[in-house]
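Just so you know, the sequences run in chain order X and H. The numbering of the first sequence is the working numbering, which starts it at 1 and goes up by one. The numbering of the second sequence is the working numbering, which starts it at 40 and goes up by one.
Just so you know, these hints were derived from the structure itself, not from any lab. Just to be clear, a hint being listed does not mean it is correct.
Covered stretches of chain H (in silico footprint by chain X; criterion: 3 or more residues with CB under 8 Å from a CB of chain X, positions within the stretch not fixed) [claimed, not checked]: (1) 98–110; (2) 225–234; (3) 239–252; (4) 311–324; (5) 419–426.
All C-beta atoms in this analysis are idealised placements derived from N, C-alpha and C, irrespective of residue type, glycine included.
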Amino acid sequence: MIAVIAGALSIIVSGVWVAIALVRAISVPRVRSIQNKDV
Amino acid sequence: MDKVLSVVAVVAYTAMLAFVAVRARVAREFVEFSLARRALPLALIFGSIAAAYVGPGFSIGFVGRGFQSGFLFWGIGLAYAVQNILVGLLVAPRLRSLKDCHTLGDAIGQKYDRKCQILAGIISVGLCTGFSAVMANAGGVVLSDIFGFPNWASVVIVVAVTASYTTFGGLRASVITDAFQFTVFSILMPIVLLLAILFHLNGGAATFAREASAATAAGLNSTSTIEIVGLVAAFLLGETLIPPYANRALASKTVRVSQNSFILAGIFSAVWFMVMISLGVVARSIIPSGTDEDHVLLNLVDSIIPVEGHALLLVVLMSVIMSSLNSLLNAGAIAFAEDVVKPYVKLTDRTALNIGRCATIAIAAVAAAGATAVPSIIKGLLICYAIWAPAILPAAIIGLWAKHPRPLAGILSICVGTLVAVTFQFILPSAIKVPAIIPALGSSILAYILGHWLAGESGGASPTLRLNMECEGWK
Numbered sequence: 001m002i003a004v005i006a007g008a009l010s011i012i013v014s015g016v017w018v019a020i021a022l023v024r025a026i027s028v029p030r031v032r033s034i035q036n037k038d039v
Numbered sequence: 040m041d042k043v044l045s046v047v048a049v050v051a052y053t054a055m056l057a058f059v060a061v062r063a064r065v066a067r068e069f070v071e072f073s074l075a076r077r078a079l080p081l082a083l084i085f086g087s088i089a090a091a092y093v094g095p096g097f098s099i100g101f102v103g104r105g106f107q108s109g110f111l112f113w114g115i116g117l118a119y120a121v122q123n124i125l126v127g128l129l130v131a132p133r134l135r136s137l138k139d140c141h142t143l144g145d146a147i148g149q150k151y152d153r154k155c156q157i158l159a160g161i162i163s164v165g166l167c168t169g170f171s172a173v174m175a176n177a178g179g180v181v182l183s184d185i186f187g188f189p190n191w192a193s194v195v196i197v198v199a200v201t202a203s204y205t206t207f208g209g210l211r212a213s214v215i216t217d218a219f220q221f222t223v224f225s226i227l228m229p230i231v232l233l234l235a236i237l238f239h240l241n242g243g244a245a246t247f248a249r250e251a252s253a254a255t256a257a258g259l260n261s262t263s264t265i266e267i268v269g270l271v272a273a274f275l276l277g278e279t280l281i282p283p284y285a286n287r288a289l290a291s292k293t294v295r296v297s298q299n300s301f302i303l304a305g306i307f308s309a310v311w312f313m314v315m316i317s318l319g320v321v322a323r324s325i326i327p328s329g330t331d332e333d334h335v336l337l338n339l340v341d342s343i344i345p346v347e348g349h350a351l352l353l354v355v356l357m358s359v360i361m362s363s364l365n366s367l368l369n370a371g372a373i374a375f376a377e378d379v380v381k382p383y384v385k386l387t388d389r390t391a392l393n394i395g396r397c398a399t400i401a402i403a404a405v406a407a408a409g410a411t412a413v414p415s416i417i418k419g420l421l422i423c424y425a426i427w428a429p430a431i432l433p434a435a436i437i438g439l440w441a442k443h444p445r446p447l448a449g450i451l452s453i454c455v456g457t458l459v460a461v462t463f464q465f466i467l468p469s470a471i472k473v474p475a476i477i478p479a480l481g482s483s484i485l486a487y488i489l490g491h492w493l494a495g496e497s498g499g500a501s502p503t504l505r506l507n508m509e510c511e512g513w514k
């Protein structure tokens, strides 16, 4: 059962990892467009 | 209260999804629509592949199987993990290395000839439409359950919402929304398991071990060896390199990202199946033993967290269904534009993009119309698996590895594989005892060998090879 709990926790960790990548992916274009406007 | 909370949860989820889809930006060129400019990082490709394969079968289906046959299905599911790891090690890097390649059909066209590309394209579009119809059916069932709409109206709503962001955003929107949906279900489902184990499982680890062993023994007794072989074959080959996965391999930032994302997705699938099977095993000591396979997860969640549980599960289900559906709509549309239309007509980038968008809408419409004809989720998926693997895999995998693949071998393999699969799946389903995928795959490989032999050493060489030979002669 320890393996099952470890598995569940590792899935949650991978969910958080993908969430961080998602936030970066949807926020980068806006930052770039603001930078372009400044230029 | 339960109903209100469910409606609020689904509306909030849809609003959040719409926000993410809008942030993903509209695709303005075909290369953006089909390959997201080949700039997607590891985490997004990994999350998107995992979100595409975790559909209703790999969530509700596996919990039900765990309830009935314990860890037997985890062993069978490992074939799927092995498949993903093998694709990551052997196929994805070769696919990603090809230049100007938008689809698997495109790769087959580069390795063999245009006829093979068109055949592969037609099969890809048909398969994506079939898979989409299965997902639309599943989505319709979930939405009808919440709002009480007629089934056809629920199917139309699910397909229309998914098609809207896929049509405008293309692959990037599909991958980004997949990542959002992956985050939702990969956090919520393990929490359900942890809650069940820590607070509702009387007897702790000893009860878990006893139930797991009893269910697995019952599963082994009720499943014949030939059934296990057929299931392992379907899990190993059925979804290998289906268009959405091939597109993600091609859209990766680098060859290494393409390789690692498939390997990670394979490891993730093994862990995911273990968690789903464990939910089924835990459910054995919480819900009544005669519960229907497809209702085990719903009943378990209702028993653990009755009010919030229903809403939570609906959000998870919407995620697993919509993430699979958007990937299939996008992949089918790209295959149509790139493999079916482009070989006949020289298209400008703008026209290709518009054809891709129109094809997304058309595939969504056909899938919605066909959703009511889907027999059941698992049966629908098995039909698609039985045709895809024999039709495409031998030609695609040998083509990527062989030095001089011959077009005749590719054409024969694709045609014979498709015909044998269709014959044993639809026309003569009771003629053989093994699943249709096995004889169809065998025939496809034999047809490939025959075609290779008939084509001879140079007569059947692909245009690329002939060009290379001419260049070498010129030097």
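Which earlier hints can't be squared with this structure?
Numbers 1 and 5, in rising order.
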